[in-house]
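Join the two chains into one complex using the hints; note that each chain is given alone, in its own frame.
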Amino acid sequence: MNVLLQVLINGILFGSMYGVAAIGLSLIFGTMRIIFLAQGTIMVLFAYLTYFLFTLAGVDPYLSILIGIPIAFGCGLGVFYVLFKEAAALEDKNVSLLLAVGLMYMVDNLMLNIWGATPRYAATSYSSFTLRIGEINISFQRLMALVIALAAASIVYWFLKNTRLGTAVRAASEDMVSTTLLGISSNWVMAIAFGLGLALAGTAGVVMASVYSFDPNYGFPFALKALVALTLGGIGNVWGALAAGVLLGVVENLATYYIGAGWADAISYAAFILVLIFLPYGLFGRRGVVKKV
Amino acid sequence: MSKTGVEAGRWAKLRPTNMISAAVAFVVLVVAFTLPFFVDVDKSYLGYFIFITCIYLTVAQGWNLVAGYTGQISLGQNAFFGLGAYTMAELWLHGIGLWFFFDVTLMIAAGIAPAILAIIVGIPLLSRLKGDYFSFGTLGLGMIIKVLFVKGGTVTGGANGVYLDSTRFTSMHVYYWCALFLAVFATFLVYALTRSRIGLALKAIREDDISAASHGINVLKYKVFAFAVAAFLAGVAGSIFGYYQFHITPDSVFSMNWLFYPILVVVLGGTGTVIGPIIGAFIVSGLFAYGDIYFGGYHPVVSGMLIILVMRFMPDGIMGIVSKTSGRLLGRAKHAVPSGM
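Residue numbers (the numbering used here), protein chains in the order written: chain A, 1 to 293; chain B, 294 to 634.
Excised from the complex, chain B in its bound form (with noise of 0.2 Å):
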């Protein structure tokens, strides 16, 4: 797999190396882009399903580069996911945009605010405190935002939330192919920062933060950068989110929910891969869609008797897994967690 001489141009640094998840990737792409024409997306659960399956996988890729790429576990996710659908909905309410509905500065703009916040947190949060402290630190930071959502009175609509009007709902289709586009757009976004410069000074700080200090990259700023990143990331799906439920509260947005299933999607498919959330976030919504018909209200305990089954069993995730029988099929030395792809 040399690269040396022949394609050594900007963009051969994107040629995937892993040919499975070259061609895992393909297959899926090929079916979410073909699949509105087979079937009614609209009358279809199928439509949903995916529609669902790319938000999940949005907010993963997100958490997926400052969690698996650079090593710094934010458990605060679900407030950039609330906050991005919060913005959308006040900025259309005071009619700021374009179109009002599905407006792509909006969701460009419900991705930015918390982006900001993240750098405002972040520098504070991640120059004082490693590990485990900081997971500590945006395991708070989500709550309070919770609270103050909560809390905001006529600004945000307290517990009760926000209204949009639901009459816009036209079809299916526009949600569809928006949440595809955004999925497509995070995937290719994290695989493009994790084969750049930027992608190797992440993987130098998550496998050792002072080591790659000595070396001259400035830390501080690259885990700014993939916290930004990944607020970005889940306030944009946020507000696809709440341009969907056309009401947004602080339970619904806000909800452990968005914290924990992409950190499950992530952590199925295989950590510090970009084919992996894919995966996982197909299994997930999956296992959601399939428990909620069949178990009723015990589906939250099949879905959590499956996390943990996995975790025990599987904790590479599911490329690790595939990593480990190829290079075994394949005869050559594998690492059990893929660097690349």
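So that you can see chain A by itself, here it is in the shape it has in the complex (with noise of 0.2 Å):
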């Protein structure tokens, strides 16, 4: 019974992170309806900044999220305004997700081919504190990811519902068309939402250099269970991308701990198949594209 309920647990930590890229990947969508498949691939690259500000400057991880955001933020910014704007504006949806492609193939690449395969691990002096609650361990760390990750699901959250521009991304996620012929500038509405984005897969990267050991080569399975946790939370739900995220870790985990973990992915995708067919609102999700033809 305990260690059932240590596996649900280190699922909930472990899933609070899918959760975090999956609103990044909720607000791209949302807006821009580009499949931002390079978002495992930004993550990575910031657990990579993170790891080195630790063991080059000796910056503490956590503060290093001060420092992240703000340059995934304008990484953010950068890219959708050089990259992704004309994209956005077609109809053809295969030049986004090409160009999510090729990015996600040149971050990776220079980063297996210049930091090496080598799994990386931001060792802090705290790394190994745990709370111990009857039986059950707790790892500090994680349950701070898990902190993390509410705490930016609540600054989003707060960000769309209490603000003007929050609003704009709101409304341009439902009708970009309509929300143009208000008078809000697509172009900038967009680019905060990818900003926002990549912020969250930043967000994500920083927890993870100190949580869990990464290398280059988590980047792309990390953006598809992201996406599956998107999906299942239902586009535009920044609560439900979260909660998604989180069952996502938690089934993962079980599936992990009591089959094995090649059909832990297996039923993983196959869950997501299943919610696409038969739940297309997702979970929790108003919106879906489901129309008899």
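For the record, the hints were derived by calculation from the structure and aren't laboratory data.
Note that the Cβ used here is the ideal one computed from N, Cα and C, for glycine as well.
Hints are not guaranteed to be accurate.
[What the hints assert, rightly or not] Taking lysine to aspartate or glutamate and the EDC-like style, the derived pairs with C-alpha atoms no more than 20 Å apart in a straight line are:
1) 617/B with 86/A
2) 423/B with 501/B
3) 93/A with 501/B
4) 423/B with 175/A
5) 423/B with 92/A
6) 423/B with 174/A
7) 444/B with 383/B
8) 93/A with 425/B
9) 496/B with 91/A
10) 496/B with 383/B
11) 423/B with 91/A
12) 617/B with 92/A
13) 423/B with 500/B
14) 617/B with 91/A
15) 496/B with 92/A
16) 93/A with 500/B
[What the hints assert, rightly or not] Label-pair restraints from in silico Cβ distances:
17) 417/B with 55/A: 49 to 59 Å
18) 114/A with 509/B: 52 to 62 Å
19) 91/A with 509/B: 52 to 62 Å
20) 55/A with 416/B: 49 to 59 Å
21) 130/A with 401/B: 27 to 37 Å
22) 337/B with 174/A: 56 to 66 Å
23) 445/B with 163/A: 44 to 54 Å
24) 424/B with 157/A: 24 to 34 Å
Right, dumping it as structure tokens:
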């Protein structure tokens, strides 16, 4: 019983990172209908950044969040204006998909060549702190990861609900054309969404650096899982994406523990397709695309 | 370009409307068919180059049909490719088939199996999911199939894959001609389909499927048809690749590369054109060959960068640019994306 609880909790803690990345994907996909497959790669990139800041400059990973997020946000704005601006306006979504893929290949392989494939891990002095509740061990770091994920989700939610810019982003997700008709610059809104999306990826990356070991090959599979979480949670639903990420983490962990690592992946993807077919609005979401042809 | 009256026969529809495209096709065919007489295909790298180009082209034309002409962006082509390779291997290993090596019936079977899967999976997927959600679904499908094969144990050989008798390898010539015929077949198939009533229906679906449905087109049937043809082509290409590799592993045949490179081929050449993928295939193949030699481990970086540059500056693909410039040169009004050949 305790083992089960332990597995559950670990799943929740790991899943929160899927959730954070998924929220980012949701923002990007919601406004621009771009499947930003490079999300995982960006996360790994910022994990490396955190790792090097820690090992070379002694900057504590949690402090790195304060550095990393603005950088990630700026990168997001830059990437959008340089690369995705024209592509987002095209009807042919292959172009933006391939742009994301090209970016992913480029950054993944740059990291692979420059930093090698050895797994890295920012081991701080408090890395092995564990809290004990009853018979269950909860790693302090992983708990912090969950806390940070919740904080990030709250900030994004507050932004979307309570600020003018956030409302503009939400409006753009629902109907870009009408939003433009109301005088809101679509490019600026999309850039903000992109920046936020990358900032969230950066957050997940910073957190991952000190909690789990990582290497450049993590990027794409992680992006896929984040995509699964996005679909489960429903596009445009911040808490839904987070919850779905957590759920995915739990399912994966349970499956890995009881069945085996490879099957865990298959189960995740199978659940993905089933949800797509039978629950197109996601598990909690509001909108989806289902029309009887 | 009036086709009324004089040559209104059944084959008249296949006459190319775009002379540039016809010229390109002709040149490519001539070069490809005469090359083995000038160059020793076995020893020269050109033989392998054309071989792999033809494989990319076959998969690409299939994807072009389902995504370029019908508008259903499938991200699961690698699943069909790998399935074709494994089907061929399993049939060979179990002694089914006529000759065991380069058996045409095996190759056709290797194409039919993925096509059947496409129909089985396509019906629920295509009837319920539209646009991006369909793409997600196919992506998930590809992932699941790969995992199934990795976990297949003794049936599929697991992660180590299936080994075929490599002493059967006689010469590159067989591969060259086979791949070439396959690529020509694929291109011609897609060309003929797009010029037929089926093609008309597919294009109508791409533009606006609700409108197409209201005009009496059975949208689901045509979507599944295009999806199945794409799967068939990918499967046969996979089987030929399997014949070449002799060692079929999940990583080699289900790799995402078999998904993204054919897409790149089509988009680079020009989505929704028939000649576009041909040009695209040569360029993409050339890029990788060049990159491998000159950039070593960094060559995916260069490839990635090139993908980005092309998508950023030439999203209509090469045929898009050709079309625009030829339109301006010849003073005719042309669409940015050619709707014909």
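Each hint tested on the structure:
1. 617/B with 86/A: With Cα atoms ~18 Å apart, residue 617/B and residue 86/A stay inside 20 Å; holds.
2. 423/B with 501/B: 12 Å, holds
3. 93/A with 501/B: 16 Å, holds
4. 423/B with 175/A: 17 Å, holds
5. 423/B with 92/A: 14 Å, holds
6. 423/B with 174/A: 17 Å, holds
7. 444/B with 383/B: Cα-Cα ~16 Å, so holds.
8. 93/A with 425/B: Roughly 9 Å separates the two Cα atoms, so the pair holds.
9. 496/B with 91/A: Since the Cα atoms of residue 496/B and residue 91/A sit roughly 15 Å apart, the hinted pair holds (cutoff 20 Å).
10. 496/B with 383/B: 37 Å, violated
11. 423/B with 91/A: Holds, at about 15 Å.
12. 617/B with 92/A: 18 Å, holds
13. 423/B with 500/B: Roughly 13 Å separates the two Cα atoms, so the pair holds.
14. 617/B with 91/A: It holds: about 18 Å lies between the C-alpha atoms, which stays within 20 Å.
15. 496/B with 92/A: 14 Å, holds
16. 93/A with 500/B: 14 Å, holds
17. 417/B with 55/A: 49 to 59 Å: Cβ of residue 417/B to Cβ of residue 55/A: about 50 Å, so the range 49 to 59 Å holds.
18. 114/A with 509/B: 52 to 62 Å: 58 Å, holds
19. 91/A with 509/B: 52 to 62 Å: Roughly 25 Å apart at Cβ, these two residues miss the hinted range, so it is violated.
20. 55/A with 416/B: 49 to 59 Å: Once the Cβ atoms are compared, 54 Å apart, the range 49 to 59 Å for residue 416/B and residue 55/A holds.
21. 130/A with 401/B: 27 to 37 Å: At roughly 60 Å between Cβ atoms, residue 401/B and residue 130/A fall outside 27 to 37 Å, so the hint is violated.
22. 337/B with 174/A: 56 to 66 Å: 58 Å, holds
23. 445/B with 163/A: 44 to 54 Å: Because 52 Å falls inside the window, the suggested range holds.
24. 424/B with 157/A: 24 to 34 Å: 27 Å, holds
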